[in-house]
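J.: Residue strings, one per chain:
6 protein chains.
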Amino acid sequence: MKISAKNQLNGEVKNVNLGAVMASIKIEVEEPGLITALITKESAEGLGLKEGDKVSAIIKSTEIIVGKE
Amino acid sequence: MKISAKNQLNGEVKNVNLGAVMASIKIEVEEPGLITALITKESAEGLGLKEGDKVSAIIKSTEIIVGKE
Amino acid sequence: MKISAKNQLNGEVKNVNLGAVMASIKIEVEEPGLITALITKESAEGLGLKEGDKVSAIIKSTEIIVGKE
Amino acid sequence: MKISAKNQLNGEVKNVNLGAVMASIKIEVEEPGLITALITKESAEGLGLKEGDKVSAIIKSTEIIVGKE
Amino acid sequence: MKISAKNQLNGEVKNVNLGAVMASIKIEVEEPGLITALITKESAEGLGLKEGDKVSAIIKSTEIIVGKE
Amino acid sequence: MKISAKNQLNGEVKNVNLGAVMASIKIEVEEPGLITALITKESAEGLGLKEGDKVSAIIKSTEIIVGKE
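Protein chains in written order, with UniProt numbering: chain G, 1 to 69; chain V, 1 to 69; chain B, 1 to 69; chain E, 1 to 69; chain H, 1 to 69; chain D, 1 to 69.
Calculated from the structure, these hints are not laboratory results.
Hints may contain errors.
Since the list gives no way to pick one copy over another, a pair counts as held whenever it fits inside one copy or between any two copies.
Unchecked claim - 30 Å max Cα-Cα, derived BS3-like pairs, lysine-lysine:
#1 26 / 14
#2 50 / 14
#3 50 / 6
#4 68 / 50
#5 26 / 6
#6 14 / 68
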């Protein structure tokens, strides 16, 4: 199955911590990868984003899905 | 300000595409980085996740916040 | 109150699992329903999505809000 | 690839609406399916959720990923 | 219908900006309100969060649902 | 670092509840603040949203990031 979420960063599991309901998975992202962020045009202009800018992609851990071959 | 979202991947903006309301920002993640995914214990066990597993971190583009120094 | 999130699938609770902070609720969706997914134009074109395609709507469990009459 | 997001509802694309950056995809969910919602224990207790309750699973359209075989 | 998302901040619409697919709604939050954030225990400890701390609740605009009586 | 998520509501921590993996942080939002919600044009029109409308901004607790100076 192909999925619409194109942002897929490959890495290795470094730690698995199981709670009663949730689990926290630490992943070392090892390969460079191209990701797409969708933000408001207003925020893009507010930050003055343009090609070549050094930026950080910030992601809340609850938003990450784990895939395994 | 320090923020609770520890997942911050550094990279370079490769493309900015402005719509009427939204903007799509392509970012080349260039450095390795450790990220944390929070999933259900049930999913972690269903995938049999353990240290050393090769996995993908899958992220919908609407979930990514862009930070710039 | 009417809310902007139009995607509301009706079902029955099959299981409630309480942790210290979180709870996992299993819901059997019983009725057909029309839902809307917002993805990038680029992903829609990449998947070649068109009327009549058989697809899956994939949703991380942290993203689901539970409503009860 | 197997993914941690177990909530996958099968359906048929009814409409594709392309904007400049975003696309809206309407999907008719046709089969019953079991989905899991993760909410706070406090909310689960506040709603008094228990087996057999009739509920709605409410999902913002930006949170839905589309998969296609 | 009661919903599990307890975070509801009351306010007034200041601006509506319609795109082809998306709309941006600016809301002036006018009343104090108690909200709950769910983060990892690790992040809570990393920030040293305790009663009385002055903090910011940061929310990506795609995550906000609008309700109207 | 400046971030694209412009919605930042200032407040005071009222309670910290630690679980095994997750933590629930209650924050009293004390100051008025302007926030932006991104919804579909269809939902905005369905609710008939216009300047001056009294609305609620509804946010699932898993979507809130906590920032601290």
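J.: Work down the list of hints and note, for each, if the structure agrees.
T.: These are the hints, each one checked on the structure:
no. : hint    : in the structure
1   : 26 / 14 : both (5 Å within a copy, 27 Å between copies)
2   : 50 / 14 : between (34 Å within a copy, 8 Å between copies)
3   : 50 / 6  : both (21 Å within a copy, 19 Å between copies)
4   : 68 / 50 : between (34 Å within a copy, 11 Å between copies)
5   : 26 / 6  : both (21 Å within a copy, 11 Å between copies)
6   : 14 / 68 : both (14 Å within a copy, 28 Å between copies)
Violation of the numbered hints given earlier is absent; every hint is satisfied by the structure.
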